[in-house]
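Asks: Protein chains in written order, with the numbering used here: chain B, 1 to 400; chain V, 1 to 81.
Incorrect hints may have been included.
Heads up, simulated DSS-like pairs for lysine-lysine below, C-alpha to C-alpha not over 30 Å straight-line [what the hints assert, rightly or not]:
# : chain 1 : residue 1 : chain 2 : residue 2
1 : V       : Lys51     : B       : Lys44
2 : V       : Lys12     : V       : Lys51
3 : V       : Lys4      : V       : Lys19
4 : V       : Lys19     : B       : Lys106
Read the hints as simulated data drawn from the structure, not as lab findings.
As a plain string of letters, each chain reads:
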Amino acid sequence: MAEAHQDVPAVPTVEVAELLPKLDGGEKILILDVRNDDEFAEWKLETRKPFETTHVPYFDFIEDAEGSIAKVPKGRDVVVLCAQGGSSEMVVDMLGEAGIPSRNIKGGMVAYGDFLDPVKVPLTAEEQARFEIWQINRRGKGCLGYVVRSGLEAVVVDPARHIGWYEAFVGKLGARIVRVLDTHVHADHVSGGPALRRKIGVPYFVASGEEFELKQDVTPLADGEELRLGGTPGVSIEVRILKTPGHTPGSTSYLVGGKYLLSGDTIFVASVGRPDLGGHVVEWGQALFKTLKERIATLPDDVVVLPAHYASLEEMRADGVVAGRLGDLRRNVPEMQIATAEEFVEAVKAAVKTPPAAYTSMIKYNLGLLTADDEKIGEWELGKNQCAASAKKRMAIPTE
Amino acid sequence: MAFKKLDVRGLKCPIPIVKAKKEIDQLTAGDQLEVTATDPGSVTDFQGWVKTNKHTVLKEQREAKDDTGRDVYIHLLERIK
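For reference, chain B alone in the conformation it holds in the complex (with noise of 0.2 Å):
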């Protein structure tokens, strides 16, 4: 059965991206999720209406096969999950032996944490005739990108590494890719941002704070800034450079037509950027208050806010987006009620909670100190670094 496995024809599979919009419309389907239970406890599908799941370790099926199997629900429709596909597959093979048909989640959490799922922002009839803005989820990880397109150009926000996506996606738009933005330099995935520029030779931005060696070729756009994105007559949009230091020290916002403001990590539908990634809550902390207090507090009650992460599908609309008008979120954000930078460096503090280790590895990748490759890349924004932290604290002592 074991070795055989490497030779079995292919099971049948279905991807990342045909399976979510189902679950998200709550389909009956039941995932057996076939991962150690530390992997299963740690990391979750996370889907608009809750969906049913079956746990037995793969490791299980390799024992115990009869008595694996029998845990598996009978009359469902089946698919099988594991970290990377390879496992699934050869309970997908063992249940088709056992006359149990199901299909095998392609890429497992791999696939679903690189997955990239573009959502359309709503604008005005007026806005729309001028440009449109895409909200681009990764949904494994929680992360939020953006394109903004008018007229035959584009710009791409926080991308993520998976740069082709961008570009196919931004032809099929029928425009081009004219500039690309880092709204900060990342700590918990891998920008897209540099070999975008590298490949298609466009403007690059990010900026690190002075405290940090930024070793990217960027183009360097300052605070106030206006971009014009267009390249069709009489169709254009302004994107305005808004320094919004707190989060990190270079943190910058875009405020897209005077109204949509694509905030990176400095404020978030549900709560506001932590300030402490970088060692310096203090500082950070009361940078990130003046921000709020000077920069943000400028902004129209209209203004859409929509930032680079979200914590839970709660803080996404009805309409698939993740955004938040900001006078909604003055009324109802805790951090932007705080009067004083002392009370607000407090809460904060009293927030902090000791990051994986692999985000000091992913800054100084993103500030281009240090390369990889794309398996060490995938360990690190898998949380891989969580595992393998909690891995060297869990590892089996010696026993004599």
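Given chain B, work out where chain V should sit, using these hints.
Replies: What follows is chain V alone, placed relative to chain B:
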């Protein structure tokens, strides 16, 4: 008592466990098998597997670098019955 080594570098799950089980099945009580893997997921996978497998224990796990500088995870298994 035999001491065997199994190299599963570059292989992803389920292959490290599948191959280790195959080797362990050939051994007798007291024999040891040292598995060298590159998949970080193998750490918790081996811990989980020995809970299900009734005749194998995990004596030790450690991280190291192999001769090509790659991070490897070494799992020392012992057949107990």
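Asks: Hint by hint, say whether it matches the structure.
Replies: Results for each hint:
1. V/Lys51 <-> B/Lys44: Holds, at about 23 Å.
2. V/Lys12 <-> V/Lys51: Given pair V/Lys12, V/Lys51 holds - Cα atoms ~20 Å apart, limit 30 Å.
3. V/Lys4 <-> V/Lys19: holds (13 Å)
4. V/Lys19 <-> B/Lys106: Holds - the C-alpha atoms of B/Lys106 and V/Lys19 are around 23 Å apart, at most 30 Å.
Going down the numbered hints, you'll see the structure goes against none, and every one checks out.
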